[in-house]
Amino acid sequence: MSIKENNTPEDKNEENKETHKSALPESQGRRDALKTLATVPVLGALAYGVYKKQKYNATLQDVKDVFNVSKESPTIAKMQPNGQQIRLGIIGCGIRGKQLLRAAGFATPQSLQDLIDAAKKNSKDTRYKDFKEQEDLNIVLAGVCDIFDTFAEQGIAAGSNIYREGVGGKLGPTPKRYRTYQEMLAASDIDAILIASPDHWHSTMAMEAAKAGKHVYVEKPLSWTVPETYMVRETIKQTGIVFQLGHQGRQVDSYNKAKEIIDKGLLGPISLIEVCTNRNDPNGAWVYNIDPTANEQTIDWKQFEGNEERVKEYMDYMTKYNLLKYVGPEERTKFSLPRFFRWRCWWDYSTGLSGDLLTHEYDAINQLLGVGIPHSATSSGGVYFFKDGRTVPDVLQTTFEFPDKNMTMLYSATLASNRNRGKVIMGHDASMEVGDTLTVKVDSASTRYKEKIDKGIIKPNVPFYTYVPGKSNVDAVTSATELYFAQRGLLYSYLGGKRYDTTFLHIREWLECIRDRNKKTSCGIDEAFQEAITAHMGTRAYLEGRTMYWDKDKEEIVRGELG
Amino acid sequence: MKNRLIMYSSSQTFWLVLLRLLIGWHFLYEGVAKILSPGWSAYPYLMDSGGFLSSFFQSIASNPSLLGIVNIVNAYGLTVVGLGLILGCFSRLASIGGILFLALFYLSHPPFVGASYIMPTEGSYLWIDKNVIEMGALMVLIYFPTSQIIGLDRFICKFCKR
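From first to last, the protein sequence lines are chains A and B. Final position of the first sequence in numbering that gives the first Met the number 0 is 562; the numbers increase by one with none missing. Final position of the second sequence in numbering that gives the first Met the number 0 is 161; the numbers increase by one with none missing.
I should point out that these hints are in silico values taken from the structure, not numbers from a laboratory. We treat Cβ as the ideally placed atom computed from N, Cα and C, and that holds for glycine. It is possible that part of the hints are untrue.
As the list claims (entries may be wrong) - In silico EDC-like pairs for lysine to aspartate or glutamate, Cα to Cα no more than 16 angstroms straight-line:
id : chain 1 : residue 1 : chain 2 : residue 2
1  : A       : Lys-52    : B       : Glu-29
2  : B       : Lys-157   : A       : Asp-31
3  : A       : Lys-458   : A       : Asp-31
4  : A       : Lys-311   : A       : Asp-290
Stated by the list, open to error - Chain A is faced by these chain B residues, among others (derived, beta-carbon under 7 angstroms):
id : residue
5  : Lys-33
6  : Leu-86
7  : Ile-95
8  : Ile-98
9  : Leu-99
10 : Met-134
11 : Ile-149
12 : Phe-154
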């Protein structure tokens, strides 16, 4: 545009004064109108730009024929109305036991007081509010069993804090303390048992609870020795009680979407899965605090030692395969605070990385792909960082082969580096990283997506699809900003719906299955058996230094020949 | 009116009008883009807020009804400011509105020493970022108005005077 005359805002007014009352000359009026509307074409240009851009975006999203994922996100089913109240007992009120109680709605007044104080200091800290609002599962904690007095008292304090208050708040009835789990299992006022004892007790307690007619929620892994794995499966099946293994990962929202993507073949044939554990602090490496009130008077060491039959199975195996260097080093009968609190560090009680952490990863993959027990397992690793006298390795690599699925699963763990490595499922057409969120990247050499890649509609090797739980609007194409947020854990689920603690959901599911026997728990005894055998194969491969095979027909672990 | 005293050369008018159009384009497309993307929400942006007012911005994000209003005000407010500047329609008001938006954007993500944001930025900033520069430019447009020369205000003002 060009403005040739004297350009003041009032120039025309000046002119008007001269020619007032007379009509503007025609050319003057036209020029006036032109100046008034001179910038309108800019809007046209912008509208054209927007149209072009929308059209381009539409072609980018034109992937429905090759990549189509449902927009539904799972919702939590309402609790059955008028369901029976379930009377729980808990065996083991250590770290995990207290977490289970809390997920079920029972927290000690002291722990809640800490949350209340934290909320006073920081208004953004809503943990107490969230806990207070957590759904009531219609349960009572009727009994608490722990062989350490302090843990038992904490369990009792949590169980009686039914109004979920801080220190000095109103309390409900006090759960009964049992000094042995056998006494608790004999009690008639208990319907179901939570087991959060050390690994070497899991199966024994689960079997005895089942025989006593109690429903069982047992922490992972299912078993400590191989022989008991078969026994516990048989017992649980025979008694028909409701059984849940504590892999709360079964409740992770994004896994459902991941399963849908895999089932629809959107990743193409999957040849390799990489799963990892990365921790880098003493707590993560099982060097837990030693409670100052712990001593020979407050701990019943005899019970800690374990079930004689189990210990014999363990010792028989260790002796037969010349693995006695992994036993001990201290006598099982000798009282030891580190061994009591940090039992995960010794094979005498523990299943090591395999049982504690690999199982979570394996169970997730078994949930997604239904892989079952692997054909073979090979392991290597060692005690490389935490040289504190432990016998279980702090670095472990285990390779599982699934030849009938044309696939390998690699587990890689270190307790001395935090570097984040996700669960990655690698297919010929795309790979998917699975966590609380999902990210799919299309492979540059994909066959399925070749045409779209060639047309520039799909860009390979950059995030193509992201699923963020609770986010209602799931686009096929991931925008850069969205991805930043997804990766940094700024979850939309605060908006769309409520966020749930997965352990809460897992216990809730188990309770709902007890109330309605037609329902099935998501990590039942068959899944648990597969999990335990897989972990044992990995462990045995490490201990014996040779490949372990699974004989499907005989249901037996078979050793590979050495050399 | 102060405006009576202003007299621009042709090139001054040209560049002032062009500046108005550039800023108007920026605002208008920011608004239109938000309106056209159905799932858009200010939520992540607000949650990413830093600096001394971050708790204020985050509290908006965590209040769903307030967030809903903020989303609408944002998308349509930016659009209206953009239209006002491009068309030269209530240009002064549009400039003031634009400055208010920019001030909020600046305060939610101030480029102070030590600040880091998830929101990707395309440059490096210390204290002064592009929001501040755009605010400065809008101030210039308030004190060097052009909409009564080129723009609907030319008509509107005449109408008002009658």
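We went through each hint and held it up to the structure:
Of the pairs offered as hints, the one joining Lys-52(A) and Glu-29(B) holds, with about 13 angstroms between alpha carbons and a cut-off of 16 angstroms not exceeded. With a C-alpha separation of about 11 angstroms, the suggested pair Lys-157(B) and Asp-31(A) falls inside the 16 angstroms cut-off, and the hint holds. Restraint check for Lys-458(A) and Asp-31(A): the C-alpha separation of about 51 angstroms exceeds 16 angstroms, so the hint is violated. A threshold of 16 angstroms between alpha carbons decides the hint, and for Lys-311(A) with Asp-290(A) the separation of about 30 angstroms lies outside it, so the pair is violated.
Taking 7 angstroms as the C-beta cut-off, the interface hint given for Lys-33(B) is violated, the closest approach to chain A being about 12 angstroms. Hint status for Leu-86(B): holds, given a least beta-carbon distance of 6 angstroms to chain A, under 7 angstroms. Proximity of Ile-95(B) to chain A is violated relative to the hint, the smallest CB-CB distance being about 18 angstroms (cut-off 7 angstroms). Using the Cβ-Cβ criterion of 7 angstroms, the hint placing Ile-98(B) at the interface with chain A is not satisfied: the shortest such distance is roughly 20 angstroms.
Interface restraint check: Leu-99(B) against chain A, minimum CB-CB distance 23 angstroms, threshold 7 angstroms, status violated. With a cut of 7 angstroms, the hint placing Met-134(B) at the interface with chain A is violated, because the nearest CB-to-CB distance is about 22 angstroms. Because the closest C-beta pair between Ile-149(B) and chain A is about 5 angstroms apart, less than 7 angstroms, the hint holds. The closest approach between the C-beta of Phe-154(B) and any C-beta of chain A is roughly 5 angstroms, which is under the 7 angstroms cut-off, so the hint is satisfied.
The structure shown violates the earlier hints numbered 3, 4, 5, 7, 8, 9 and 10.
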